[in-house]
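**Q** Here are the chains, one letter per residue:
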Amino acid sequence: MRNSAVLTPDISRPAARTWRVPQETSILLVLIGIALAFEALGWIERGQSFLYNPQGLLIMVLRVSEIGLIAVGVTMIIIAGGIDLSSGSVVALSAMVAGSLAQTSGYGRAVFPGLLDLPVLVPVAAGVLTGGICGLINGSLIVRTGVPPFIVTLGMMVSARGLARYYTHGQPISMFTDAYSAIGSGAKPVAIFLLAALVFHILLRYTRFGKCLYAIGGNVQAARVSGIGVGRNLVAVYTIAGLLTGLAGVVVSARAQTSQSGMGMSYELDAIAAAVIGGTSLAGGVGRITGAVIGALILGVISSGFTFLGIDSYIQEIVKGLIIVAAVIADQYRKRRAR
Amino acid sequence: MTDLSMRAEPARAQHVAAPVFAARRIRKAFPGVIALDDVSIDIHAGRVHALMGENGAGKSTMMKIIAGIYFPDHGSLHFKGESIALKSPRDALNRGIAMIHQELNLLPYMTVAENIWIGREPRNLLGLIDHRALNRQTGGLFAQLGIEIDPQVLLGSLSIASRQMVEIAKAVSFDSDLLIMDEPTSAITDKEVEHLFRIIGELRAQGKAIIYITHKMDEVFQIADDISIFRDGHHIVTRKAKEFDKPSLIAAMVGRELTQVFPKMEVEIGKVALAVRNLGRRGGFSNVSFDLRYGEILGVAGLMGSGRTEVMESIFGIYPADEGELLFDGKRRAIRSPQQAIAAGIAFLTEDRKSSGLFLQLSVGENMEISALRRNCVLGFVRQKRVNVSCADMCRQLKVKTPGLQEVIENLSGGNQQKVLLARWLLNKPRILILDEPTRGVDVGAKAEIHTLITQLAREGVAIIMISSELPEVMGMSDRIVVMHEHTVSGILPCAMATQETIMTLASGEQL
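Each protein sequence line maps, in turn, to chains A and B. For the first sequence, this note's numbering assigns the number 203 to the initial residue and increments by one for each residue that follows. For the second sequence, this note's numbering assigns the number 87 to the initial residue and increments by one for each residue that follows.
Please note: incorrect hints may appear among the correct ones.
[To be verified] Pair by pair, the computed Cβ-Cβ distance ranges are:
hint, chain 1, residue 1, chain 2, residue 2, range
1, B, E189, A, L471, 54 to 60 angstroms
2, A, Y535, B, I155, 30 to 36 angstroms
3, B, Q426, A, A528, 21 to 27 angstroms
4, A, Q518, B, A420, 45 to 51 angstroms
5, A, S387, B, G466, 32 to 38 angstroms
6, B, R418, A, L317, 54 to 60 angstroms
7, B, G242, A, V360, 27 to 33 angstroms
8, B, H217, A, I531, 47 to 53 angstroms
9, A, Y535, B, G242, 35 to 41 angstroms
Simulated from the structure, these hints should not be mistaken for laboratory data. For glycine and all other residues, C-beta sits at the position ideal for the given N, C-alpha and C.
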C-alpha cells in the first residue's frame with residue numbers, strides 16, 4: 203500500500219525553515235545597481251553626488267509618485283488580463299475638471315465665474331470622479347461589447363484628450379486656491395502615492411476581490427466556471443484604476459499649479475512600463491503592487507540620472523525602451539527556469 | 087495482438103492483391119497513455135476501408151500517423167511497395183496521402199479558392215499569385231465534383247456544411263492515391279452525404295484507396311468495402327463489410343474482458359435531487375430528461391459529440407438552456423450562471439482541466455480555495471488561516487501529493503491536479519456533483535483513489551453525475567447510465583441491463 207504520509211504534518215503553514223527570497227529582490231537589486239551606477243558616473247563626470255542631493259531626489263520622487271499612482275491601478279488591470287492605454291489622457295481631463303473648480307477669486311479669467319473659492323474637497327472629488335467615470339466607461343464597454351481592452355482604452359485615450367482640449371477650448375487653467383495647491387506641495391504627493399500603494403497591495407493580497415483578479419487574468423474560463431462574476435470584477439477594476447488616475451490628475455495639476463490639456467502625455471506607457479518592469483506579466487494572472495512601485499522608482503532614477511548627467515532626453519527614451527524589453531525578457535527567463 | 091486482417095479479394099480484375107498502404111507493428115504512446123499498441127493494417131486501392139471503434143480506441147491517432155502529423159514510436163509504414171518515413175503533413179501530401187480532418191482546418195478570412203490552393207497557388211510570370219487561374223482551377227474542380235459553391239466568396243460566410251464540402255474538395259484536389267476521411271459527415275446534411283458518397287464512388291472507381299472513420303452504422307454499411315475495428319489501441323479485426331451486421335460490429339467494438347474492479351458499494355438511494363425535464367439548447371442538445379437521486383451515481387455515456395458536456399454546461403449555467411426546466415428537490419429553479427448553480431448546491435468538474443479548471447500560474451492553495459472564498463470573508467477580507475486549514479484538510483482526505491499549499495499547481499501530476507480541482511468543489515459541500523471525464527489523463531493509482539472518493543461521496547448522500555468515455559468505468563461506477571446520441575438521450579439503462587454492447591448500441595443510435 204502506498205505510503206500516504208507524504209505530506210508535511212501541517213501544510214497549512216508554509217514550512218518555517220525555508221525563508222523564500224521575496225520576488226522583488228531581483229528588481230530591487232537592479233534599482234540599487236542603477237542608482238549606484240549613476241552615483242559613480244556622477245563623481246566621474248561632474249565631480250558631485252547624484253544621490254546626496256535632496257532637491258533632486260525630491261523632484262524625482264514627486265514625478266515617480268504621479269506615475270506610481272497610475273501604475274497601481276494599471277497593475278491591477280493587467281493582472282486581471284486587461285490593459286489601459288487611456289491613463290495619460292484621463293490625467294489631463296481630470297486635471298482640467300478639477301482645476302476648473304479649484305480657482306480662486308480676484309484674478310479675472312475664470313472658467314466658472316460663479317464657482318470660485320470652493321472648498322478643496324469639491325475639485326478633488328470632481329477630478330477623482332472624472333477619472334472614475336472614464337474607468338467605468340472603459341470597463342463597461344469591454345465587458346458588454348467584448349471589444350478588446352486595447353481598442354476600447356485606445357478610444358478613450360483619444361476621446362478624453364479631445365474632451366480635455368474642448369473643455370476650455372485649449373486655454374490653460376491656473377490661479378488655484380492655496381488649499382488646492384497645497385496638495386501638490388512638499389512631499390504630500392509621495393504620501394498619497396504610498397498610501398494608495400499600501401491600500402491596494404493589501405486589497406490584492408488579502409481580499410476576495412484581489413484573488414478573483416488573479417484568477418480572471420490567469421484563466422478567464424476557469425474563473426467563470428468557479429463562480430466568479432467576471433464581468434462585475436472587470437468593471438470594478440477598471441473603475442478603480444480610473445479613480446486612481448483621476449487622483450493622479452489632481453496631484454499633477456496641484457503640483458504644477460496649472461491645468462493644461464497637454465498634461466500626462468505618455469504617462470500611460472510609463473505606468474505600464476513600471477508594472478512590467480516590476481514583474482507583472484502582460485499575459486495576466488501575475489503581478490504585485492510592490493513590484494510596480496520599484497519599477498516606477500527604476501524609471502524615475504533613470505530619468506533623473508540622465509538629466510543629472512546632462513544626457514539628451516531622446517537617448518533617455520531609447521534607453522527606457524531597452525530597459526522595458528530587457529525586463530520582460532528577464533521575467534520570461536525566470537519563469538522558464540522555474541519550470 | 088496479432089493482425090487478424092485478411093487480404094481482401096480483388097474486387098476487380100485490374101486491382102493488385104498487394105496493399106497500396108501497409109502499417110506494421112505501429113506503437114505510439116503519449117504521457118500516461120498508450121494510444122496504439124502493435125498495430126498493423128493493410129489498405130487496398132480501389133476500396134473504401136472503414137475504421138470503427140469507441141472514443142480513444144486509437145483511430146484518429148493511427149490516421150494522423152499515416153498523414154504525417156504524428157511520428158510512430160515504433161513500427162514501419164509502407165506505401166506503394168516501398169518503406170517510407172513521413173517527415174511532415176506536407177511530405178505525406180507530396181507522396182500522395184491526403185487527409186480530411188474532423189476539425190476543419192480552413193481559413194475563414196480567405197476565399198474558397200484561396201483556401202483550397204493555399205501553399206500551391208498558381209503563379210504568373212512575375213511570381214505573384216494568378217487569381218484568375220486560381221478561380222478557374224477551383225471552378226474546374228467543383229464542376230468535376232458537382233459542387234455548387236462560388237470560389238470567390240469568403241469561407242467564413244459559408245455554412246458549416248458547405249465548409250465541409252470545401253474541405254473535401256481540397257483533399258481531392260491533391261489527386262492523392264490514399265485519401266483519409268475523419269468523420270466527414272459530422273457536420274453535413276443528408277443531401278450532402280449523398281453527394282459525398284457519389285464523389286467517393288468515383289474516387290474508388292479511379293483506383294484510389296479511401297480510409298473512412300465514422301461512428302455512424304448506417305453509413306458504414308452504405309459506403310464501406312472493408313471494416314476494421316480498433317479497441318484500446320489495438321487493431322482487433324478487419325473483414326469485408328458484408329461479413330458484418332450491426333450486432334456483430336458492436337460486439338467487436340466493445341468486446342473486451344472486464345477485469346477492472348471498481349469500489350462500488352451498496353448505497354441507499356434517496357429522493358430525487360434534480361429532475362431534468364425536456365432540457366434543450368439551440369445548437370447543443372434537445373429534449374433531455376432524466377432524474378438524479380441523492381446517493382446515486384448516474385453515468386452519462388455516449389460518443390464524442392453526442393452532447394453530454396453541453397447538457398451539463400447548461401445545468402451548471404455556463405451556457406443556459408433555451409427550453410425545458412430544472413427541478414431541485416421538486417422546486418423549479420432557473421440556472422443562468424455558474425454562481426446561481428453553486429448557490430443551488432451544484433458543483434461541476436469540467437472535462438479539460440487545463441482550459442477551464444486550473445489556474446496554472448497560481449498555487450495549490452489558491453486553486454483550491456477560489457470557489458470557497460465567498461463564504462470565508464469578513465468585509466471582503468479573506469480569513470486566510472481558516473481557509474488554509476480547510477485546504478490542508480482536503481489535501482489529507484483526498485491524498486493530494488504536494489510539498490505544500492504554496493506549490494505552483496503546474497508542478498503537480500495530472501492526477502493530483504484533478505484531486506485539487508475536486509477538492510475545490512468539495513469545499514463547498516455540494517449536494518449535486520457533476521464530473522466530466524474525472525479520470526482523463528490521470529495515472530492508474532490516482533484513478534483508483536478518485537473512484538474511491540466518488541463512491542464515498544455517494545455514500546454520504548451526494549447526488550453524482552459522471553460523464554465518462556471509458557465503458558468499463560461507466561459500468562463499474564454507475565447505478566444507472568444515461569446514454570446520449572446525436573444531441574439527445576437515446577436511453578437510460580439500469581445497472582443490471584448495462585453491458586458494453588447495450589451501451590454502445592444506444593450510443594450508436596440503434597434500438598435495443
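**Q** For each hint, tell me whether it holds in the structure or not.
**A** Against the structure, the hints:
no.	hint	in the structure
1	B:E189 with A:L471: 54 to 60 angstroms	violated (40 angstroms)
2	A:Y535 with B:I155: 30 to 36 angstroms	holds (32 angstroms)
3	B:Q426 with A:A528: 21 to 27 angstroms	violated (47 angstroms)
4	A:Q518 with B:A420: 45 to 51 angstroms	violated (59 angstroms)
5	A:S387 with B:G466: 32 to 38 angstroms	holds (34 angstroms)
6	B:R418 with A:L317: 54 to 60 angstroms	holds (56 angstroms)
7	B:G242 with A:V360: 27 to 33 angstroms	holds (30 angstroms)
8	B:H217 with A:I531: 47 to 53 angstroms	violated (42 angstroms)
9	A:Y535 with B:G242: 35 to 41 angstroms	holds (39 angstroms)
In the structure shown, a violation is registered for the earlier hints numbered 1, 3, 4, 8, in ascending order.
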